[in-house]
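Which chain is which? The protein sequence lines are U and E, in order.
Letter 282 of the first sequence, counting from 1, is numbered 282 in the numbering used here, and no numbers are missing.
So the mapping is simple: the numbering used here equals the position in the second sequence, first residue as 1, plus 331.
Hints are computed from structural coordinates only; laboratory data are not their basis.
Since the model is a prediction, treat every value here as computed from it, not as a measurement.
Honestly, I wouldn't trust all of these hints.
Unchecked claim - Computed beta-carbon distance windows for the label pairs:
hint	chain 1	residue 1	chain 2	residue 2	range
1	U	311	E	617	54 to 64 Å
2	U	293	E	830	52 to 62 Å
3	U	311	E	689	31 to 41 Å
4	E	908	U	310	32 to 42 Å
5	U	324	E	884	36 to 46 Å
6	E	690	U	326	34 to 44 Å
7	E	788	U	293	28 to 38 Å
8	E	769	U	90	54 to 64 Å
To be verified - Quick partial rundown of chain U residues pointing at chain E, CB under 7 Å, derived from the structure:
hint	residue
9	124
10	222
11	294
The beta carbon of each residue, even a glycine, is placed where N, CA and C say it ideally should be.
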Amino acid sequence: MEEVVRLTSLALAAVAEAKDTARLREVELEFLGKSGSISGLMRGIGALPAEERKGFGEAVNQARIEVETALVSRRRALREGELQAQFANEALDVTMPGRAPNAGLVHVLQQTIDEIKRIMGGMGFEYHESPELEEFRYNFDALNYPPNHPAMDEQDTFYISDEVLLRTQCTALQGRVFEQRKPPFRVFTVGRTFRNEAVDRTHGHTFYQVDAFMVDEGISMAHLKGTLAAFVRGMLGDEVTVRFRPDFFPFVEPGVDYAISSPRLFDGRWVELGGAGLIHNNILRRYGIDTERYSGFAFGLGVERMPMMKHGVDDLRYFFENDLRFLRQFA
Amino acid sequence: MKFTEAMLREFVDSPLSAQEIGDALTMTGFELEEIHDTGGATVFDIAIMANRGDAASVLGLARELIAKHPASKPTQSMADLVSWHDPEGLAAGTISIEADGCTRYSAMLFDGVRNEPSPNWLQECLTALGQRPISFLVDLTNYVMLMTGQPMHAFDLDKLPGERIVVRSALPGEKLVTLDGIERELATGDVVITDGHRPIALAGVMGGQDTEVGPATTRCLLESAHFDNQAVRATRTRLGMHTEASYRFERWVDPQGTFRAMSLFARLLGTEPRTQFDIYPHRRPDLHVSVRPVRASLLLGCEVTPRECSDYLERLGFSPEAEGDSLRCSVPSWRNDVHGEEDLIEEVGRVHGYEHIRTEAPIGSTPVGGTHGGSLRTDRLLARLVRCGLIQTMSHTLRDAHALDAEGDRVRVRTPHSPETALLRNSLLPCLAEAAMKNGGRNLGLFEFGRVFAPAERVSLAVLLTGCTDGTSEADFFTMKGVVETALGTQEWTGTSDPRFHPTRQAGVAGLGLFGQIHPLVAEQCDLAPTTFLAEFDLDAWLTTAEHGERFRPLSRHPAVRRDIAIEVLKSVPYRDIEATVVQAGGHDLEAHWLFDVYEGPGVSEGAHSLAIALLFRKDGNFTDEEANRARDGIVEALQGLGARLR
Chain U
1 MEEVVRLTSL ALAAVAEAKD TARLREVELE FLGKSGSISG LMRGIGALPA
51 EERKGFGEAV NQARIEVETA LVSRRRALRE GELQAQFANE ALDVTMPGRA
101 PNAGLVHVLQ QTIDEIKRIM GGMGFEYHES PELEEFRYNF DALNYPPNHP
151 AMDEQDTFYI SDEVLLRTQC TALQGRVFEQ RKPPFRVFTV GRTFRNEAVD
201 RTHGHTFYQV DAFMVDEGIS MAHLKGTLAA FVRGMLGDEV TVRFRPDFFP
251 FVEPGVDYAI SSPRLFDGRW VELGGAGLIH NNILRRYGID TERYSGFAFG
301 LGVERMPMMK HGVDDLRYFF ENDLRFLRQF A
Chain E
332 MKFTEAMLRE FVDSPLSAQE IGDALTMTGF ELEEIHDTGG ATVFDIAIMA
382 NRGDAASVLG LARELIAKHP ASKPTQSMAD LVSWHDPEGL AAGTISIEAD
432 GCTRYSAMLF DGVRNEPSPN WLQECLTALG QRPISFLVDL TNYVMLMTGQ
482 PMHAFDLDKL PGERIVVRSA LPGEKLVTLD GIERELATGD VVITDGHRPI
532 ALAGVMGGQD TEVGPATTRC LLESAHFDNQ AVRATRTRLG MHTEASYRFE
582 RWVDPQGTFR AMSLFARLLG TEPRTQFDIY PHRRPDLHVS VRPVRASLLL
632 GCEVTPRECS DYLERLGFSP EAEGDSLRCS VPSWRNDVHG EEDLIEEVGR
682 VHGYEHIRTE APIGSTPVGG THGGSLRTDR LLARLVRCGL IQTMSHTLRD
732 AHALDAEGDR VRVRTPHSPE TALLRNSLLP CLAEAAMKNG GRNLGLFEFG
782 RVFAPAERVS LAVLLTGCTD GTSEADFFTM KGVVETALGT QEWTGTSDPR
832 FHPTRQAGVA GLGLFGQIHP LVAEQCDLAP TTFLAEFDLD AWLTTAEHGE
882 RFRPLSRHPA VRRDIAIEVL KSVPYRDIEA TVVQAGGHDL EAHWLFDVYE
932 GPGVSEGAHS LAIALLFRKD GNFTDEEANR ARDGIVEALQ GLGARLR
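Given these sequences and hints, build the entire structure.
Okay, structure coming up:
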């Protein structure tokens with residue numbers, strides 16, 4: 001029995017003295033392991049008188065429990081200390097920069113185009129494309145331009161030949177659709193247009209344009225206004241309002257230029273966005289559409305205007321310069 | 332068009348302030364571009380719609396203001412002008428017209444005039460508008476043109492022998508020194524004013540120097556004519572001229588207004604004409620157009636009553652008369668832009684105010700909106716490229732030549748104004764090369780898609796990789812191949828021979844495109860790293876290739892077993908053959924295989940390399956180690972047919 005007491009106090013002292021959990025594991029094995037000294041006491045139980053065996057067994061078990069309890073509590077204390085040391089050791093400067101994954105990037109104009117496609121598609125407008133290198137007749141004749149209209153001047157338009165030019169407006173899609181389709185239809189396109197202009201902050205010889213049009217029974221200026229309002233609200237926010245002002249374009253009558261206003265974006269000023277109107281009866285008739293039954297509207301606008309308004313980009317030239325410092329601002 | 336507030340108030344008695352007048356004109360379609368004070372005068376600058384020549388005058392804008400804002404009334408001065416009746420029974424006198432381009436020629440002949448500097452009011456008015464006063468006669472023609480829209484010209488009668496005016500087409504070889512001192516070569520078709528022998532003015536564009544009025548002028552012939560807009564435009568564009576007169580004639584000048592304008596001129600000059608002539612061979616027929624108020628309400632998307640329609644049209648001078656459900660309108664002579672009902676509906680709308688238009692969503696049935704077919708497939712392709720970590724660029728279609736241009740015919744702009752916009756791109760590779768240079772030329776992964784003209788228009792896709800783009804390893808040929816196959820799907824690549832690319836490091840599919848390493852000499856020319864990898868594909872052609880159907884394959888519940896082999900084989904044996912052998916020998920149980928290492932050097936024979944290939948086996952039921960080994964051995968044995976041996 002003295003041996004039990006001696007080993008117990010030895011074990012408890014060793015537990016108390018252990019400096020780390022590794023040493024504690026050694027202590028555990030030394031006393032409680034398969035060949036540990038306290039475990040070993042039980043092997044001598046057979047040599048004891050029968051009446052002492054029960055008492056001795058209980059004492060050893062008691063010693064075992066006492067040491068195990070001490071081990072658990074000491075381990076907990078040591079582990080806690082060790083974790084604290086580990087955490088202190090592993091401390092990071094969390095203000096150091098993150099490593100960005102190689103995520104790729106959609107050009108800011110493409111993002112705008114995707115947004116336009118989503119909104120117009122949602123209103124039932126089908127996306128179509130037409131050539132950049134367009135025939136004179138689709139760019140002008142089909143759109144009710146009188147012969148010798150000033151817009152046809154060589155100094156305003158990039159001609160390839162008398163019959164072929166770089167389209168000056170995406171509205172050139174209209175004639176191509178009218179040739180193929182019967183109303184009702186809702187169609188839009190987004191694409192490059194070209195004007196022979198000197199380049200500066202607000203003018204480019206190349207820019208993207210949205211052009212949308214629909215023909216159906218009873219289409220009015222109210223439907224134009226409703227569609228435009230939904231479009232600009234989708235693009236720029238729900239508080240945007242649309243204003244019409246009379247204007248002249250050969251392919252619409254009545255024709256308007258539309259401006260938008262938003263307390264957030266323009267301090268309540270009206271900012272002109274593009275041209276619109278009811279598709280000219282001359283055009284509808286040219287394609288055999290009964291103008292008493294059908295009417296339609298068309299509108300167009302420059303795509304670059306959207307990120308310029310939304311993000312405050314103040315120079316049109318950035319969009320085609322591919323400076324990553326610019327493009328990465330719109331990730 | 333610029334004019335002063337005083338000029339407008341000469342014609343309109345309005346309670347509106349200058350700014351309010353500008354706003355009202357803006358809402359009728361004549362946008363106030365600027366309003367500013369110059370030395371006591373308030374100057375308006377108003378943008379005139381291209382089809383409204385009549386509004387390029389104070390008179391025209393006064394009419395618009397009065398129609399839009401009924402509390403603004405015409406002054407006596409305007410009423411006199413508007414109710415003007417041309418003198419009746421005037422003779423052609425010494426004037427004759429021999430050209431189609433002249434609709435009407437009216438003239439007043441004045442004696443005893445003194446062409447001194449203009450009175451102060453006139454000088455101040457023109458100065459405020461940024462014009463330089465010249466002399467009373469000249470300044471008056473300019474002032475009256477601004478007020479009435481009628482271009483005029485004063486000839487010195489002493490320089491006009493016989494007081495003859497013959498309007499005719501120019502003869503070949505004829506010349507005229509215009510007022511600006513430039514000698515103009517005339518062409519057949521140009522309408523000219525002659526003295527019966529030689530040209531003295533370009534009709535509707537500019538007068539001639541020889542017959543110009545000067546300080547010594549005491550007698551003058553005042554021309555107030557109407558010329559055909561096409562003729563004036565053809566002449567002035569051919570000669571590269573642009574004048575206040577041609578601007579108005581090209582758009583529209585009221586042919587009924589020639590005498591009205593001259594009456595104002597005579598009144599301001601303070602001299603009665605000695606005589607006046609008129610010749611009007613091409614009188615415009617009266618034009619009537621009807622409008623249904625119901626139709627106007629329908630198309631405008633706002634309620635306009637018949638009474639309102641009638642009022643608006645009356646105020647604009649259309650003299651509407653009710654005729655059943657319609658209003659029959661007489662198109663005034665100063666308007667040439669009204670031909671059909673829709674034009675009158677616009678007139679009604681402009682006066683009624685577009686702010687009354689409702690905001691409605693269109694109803695009705697149309698096919699499904701959005702993106703379909705090829706456009707949709709292209710959108711998904713672009714998304715895959717972005718997932719590859721590439722940055723999308725957008726470059727100009729118009730450009731100059733570049734070492735990376737494709738071979739073949741080019742599309743050229745007929746009259747480029749600079750070499751930078753002379754050619755249409757026939758490849759996107761020059762665009763990407765320039766974008767790479769713009770951004771340092773190193774460690775970049777870029778792509779662009781867009782139209783090229785080679786010489787036919789088509790949609791192209793190009794990729795550029797150089798240096799480390801994923802943060803871990805340098806891009807090489809196979810990085811590019813991986814990107815291309817991720818984007819376009821695996822293809823049967825074969826060797827190609829594009830001179831822009833490294834001769835032994837390029838591959839592609841005929842008619843679809845290619846990829847590879849840039850040719851070292853081209854890289855030098857473009858200042859790009861020789862380890863730049865390029866790809867360009869015809870997306871229109873790609874869209875005609877079959878799309879892989881994404882069909883579900885059931886997942887096996889059994890574990891896969893992997894075996895790796897390393898074989899030594901001659902480098903001349905293409906991997907495609909090795910792969911085919913592996914697949915054939917592996918049979919149905921070989922679920923996947925991939926090359927994971929290529930080695931050459933010590934331990935491998937000269938001319939050979941070592942390929943490490945992973946083999947993944949799976950079947951219904953468990954694959955035992957022995958089965959896996961047997962399958963692997965079968966593959967190795969088959970590879971021996973290609974001269975390969977296990978290392």
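Against the structure, the hints:
For residue 311/U and residue 617/E, the hinted distance range of 54 to 64 Å is satisfied, since their beta carbons lie about 56 Å from each other. Our hint of 52 to 62 Å for residue 293/U and residue 830/E holds, since their Cβ atoms are close to 60 Å apart. Distance hint check: the CB atoms of residue 311/U and residue 689/E are about 32 Å apart, consistent with the given range 31 to 41 Å. Distance hint check for residue 908/E and residue 310/U: the Cβ-Cβ separation is about 55 Å, which falls outside the suggested range of 32 to 42 Å.
As the Cβ distance of residue 324/U to residue 884/E is approximately 40 Å, the hint placing it in 36 to 46 Å holds. The hinted range of 34 to 44 Å is satisfied by residue 690/E and residue 326/U, whose Cβ atoms lie roughly 36 Å apart. Checked against the given bound of 28 to 38 Å, the beta carbons of residue 788/E and residue 293/U, roughly 36 Å apart, stay inside it. A hinted range of 54 to 64 Å for the beta carbons of residue 769/E and residue 90/U is inconsistent with their spacing of about 42 Å.
The beta carbon of residue 124/U is positioned within 7 Å of a beta carbon in chain E (closest approach about 4 Å), and the interface hint is therefore held. Against a cut-off of 7 Å between C-beta atoms, the interface hint on residue 222/U holds, since the closest Cβ of chain E lies about 3 Å away. At its closest, the beta carbon of residue 294/U sits 11 Å from a beta carbon of chain E; the interface hint therefore is violated under the 7 Å criterion.
Checked against the numbered hints above, the structure violates hints 4, 8, 11; every other hint is satisfied.
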